[in-house]
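Number of protein chains: 2
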Amino acid sequence: MTFEKVAVVGLGLIGGSLAAALRKSGEVGEVFGIERDAESLRFALEGGIVDAGSSEIGPGISGSEIVVIATYVDMVAQVAREVSGFVSPDTVVCDTGSVKAPIVREMEKGPRNIRFVGAHPVAGKETSGVRESDPGLFSGKKCVVTPVEGTCPEALSMVKTLFSLAGSEVVEIDPESHDEIFSLVSHLPHAVAYSLVSAVASSGGDRDLFGFSGGGLADFTRVAESSPEMWAGIFIENRDALLRAIRSFSGRLGEIEKAVASGNVEDLGTLLGKARDSKRDLGK
Amino acid sequence: MTFEKVAVVGLGLIGGSLAAALRKSGEVGEVFGIERDAESLRFALEGGIVDAGSSEIGPGISGSEIVVIATYVDMVAQVAREVSGFVSPDTVVCDTGSVKAPIVREMEKGPRNIRFVGAHPVAGKETSGVRESDPGLFSGKKCVVTPVEGTCPEALSMVKTLFSLAGSEVVEIDPESHDEIFSLVSHLPHAVAYSLVSAVASSGGDRDLFGFSGGGLADFTRVAESSPEMWAGIFIENRDALLRAIRSFSGRLGEIEKAVASGNVEDLGTLLGKARDSKRDLGK
Chain A
20 MTFEKVAVVG LGLIGGSLAA ALRKSGEVGE VFGIERDAES LRFALEGGIV
70 DAGSSEIGPG ISGSEIVVIA TYVDMVAQVA REVSGFVSPD TVVCDTGSVK
120 APIVREMEKG PRNIRFVGAH PVAGKETSGV RESDPGLFSG KKCVVTPVEG
170 TCPEALSMVK TLFSLAGSEV VEIDPESHDE IFSLVSHLPH AVAYSLVSAV
220 ASSGGDRDLF GFSGGGLADF TRVAESSPEM WAGIFIENRD ALLRAIRSFS
270 GRLGEIEKAV ASGNVEDLGT LLGKARDSKR DLGK
Chain B
20 MTFEKVAVVG LGLIGGSLAA ALRKSGEVGE VFGIERDAES LRFALEGGIV
70 DAGSSEIGPG ISGSEIVVIA TYVDMVAQVA REVSGFVSPD TVVCDTGSVK
120 APIVREMEKG PRNIRFVGAH PVAGKETSGV RESDPGLFSG KKCVVTPVEG
170 TCPEALSMVK TLFSLAGSEV VEIDPESHDE IFSLVSHLPH AVAYSLVSAV
220 ASSGGDRDLF GFSGGGLADF TRVAESSPEM WAGIFIENRD ALLRAIRSFS
270 GRLGEIEKAV ASGNVEDLGT LLGKARDSKR DLGK
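Those protein sequence lines, which keep their order, are chains A and B.
So the first sequence is residues 20 to 303, counted in our numbering.
So the second sequence is residues 20 to 303, counted in our numbering.
Here chain A stands alone, though its shape is the one from the complex (with noise of 0.2 angstroms):
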């Protein structure tokens, strides 16, 4: 057993799966798990998601050596501050946001009384909530976690081993590295998969369109399935980053969109080869 008991504070798809990974390890004790909505809670409690589970944070998380904060990003402040009456001195806590640098920030002031370690297992599918939990989301997926000078390193260290449990390639990164690698990687390809949707369906008038999305369309717009509610938290506390990609991107479309323009066949064709060689350096 490597670890004897882990709470983990919101059962979405993230929580879920990362409780169900655990579990399934073997190598936790107790998978504790919070969940605010009853009917969510009651399919962790009865799937064996989780061991025990409660639907608000209280001495249900005592005694547990990490506790994970897979809400939403813009909460994971105020959840740890919560979380830290009701554990032992020095108990870790980590999160599981795709944004990292206002959190890890944040939790520098405090609370005092926990060790926190910033952590975004990189996965996730169109899908949320708990019925979506997968034991084996994470496997063979990166996950980063973004310490800081005065990071732990036992909890460092914890949190790694936690993630290996459940499948994760743990890499280290700091935190604001972190950010505007997946501002580009994630956070502009989906502000893009939603402006596309949307001005897809504005224009096409009463037409079937994805009827036809086999020429390209599918592949971009699966991602627009994804909660807007998340989203949103996401893009706002990535805001300086994600405003930088949204420049630097639609700075690259108004090039083709002029090339488009000026009717040169050549030229346009010598702007798009670089753009698909820039993804095969990239690739490499």
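The set of hints was computed from the structure by calculation and includes no laboratory data.
Mixed in with the good hints, there may be bad ones.
It does not matter which identical chain is used: a pair holds within one copy or between any two.
[What the hints assert, rightly or not] With a straight-line cut-off of 30 angstroms between C-alpha atoms, the simulated DSSO-like cross-links for lysine-lysine are:
1. Lys144 with Lys160
2. Lys277 with Lys144
3. Lys161 with Lys144
4. Lys161 with Lys24
5. Lys161 with Lys43
6. Lys293 with Lys43
7. Lys43 with Lys277
8. Lys277 with Lys24
Quick caveat, the model's predicted, so the values are computed rather than measured.
Go by the hints and put chain B onto chain A.
Below, chain B without anything else, positioned relative to chain A:
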């Protein structure tokens, strides 16, 4: 046997797959291929993708009931003129291009000794070339045929039969509507994909960003592997509709950018929710 002889000009992914599908159907006596690239032609001949072939348009295509022009869109009209010199009067000629109105309207002017039908089998992948040929490429996918007032009903019927033999579900749409629809569901998404990889590559510095593309990028950028030369031709041929689509998209992205900049998570959530719902409406 439905057809005694069919010729396919241009053995790329589409032409090669169509030839292979027609041979596999057992309903075409001879599939004759024209391909300028010697290596590709040899591959098609040795791999049994075509029964016979030639490196240029010539007497080899005579006797064909249908000649399919599967070249880049900007070459269709020129190839049709060449074809018309070697076939019996009233031979049916169709194309496979992703843009229809410019080609169909150009072909209304002649050559008069062939009967032209515009066609667009909606299929493809990010790879190209005859080596990627797949007789199942069109299976269950739509093929849009674009008859106009002067289209010969018998020729239309033959072309519909041909693509049905290849596995397509054939639908009729007028050329202008086709181009409007595909500017949205295919050409705009490709322009967006090229812009996205270009922006990510230029902003990411030396980091291995695609190691993190499980966060969303991978879904969007596979498409940007597509042939830049081919897509440059498609974009320019469908210039007006594509420019309208890009402007509509940029407007939507601008709204998201503004909401992100404002920092109001509720407003942003509402905006993203509307986009998500419009996708759901369209997906019906």
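Tested hints:
1. Lys144 with Lys160: both (13 angstroms within a copy, 26 angstroms between copies)
2. Lys277 with Lys144: between (35 angstroms within a copy, 26 angstroms between copies)
3. Lys161 with Lys144: Close inside one copy (15 angstroms) and across copies (28 angstroms); limit 30 angstroms.
4. Lys161 with Lys24: Cα proximity of Lys161 and Lys24: one copy only (24 angstroms, versus 55 angstroms across).
5. Lys161 with Lys43: Within one copy, since 19 angstroms is at most 30 angstroms while 44 angstroms is not.
6. Lys293 with Lys43: neither (46 angstroms within a copy, 38 angstroms between copies)
7. Lys43 with Lys277: neither (54 angstroms within a copy, 44 angstroms between copies)
8. Lys277 with Lys24: Neither: 59 angstroms inside a copy, 44 angstroms across copies.
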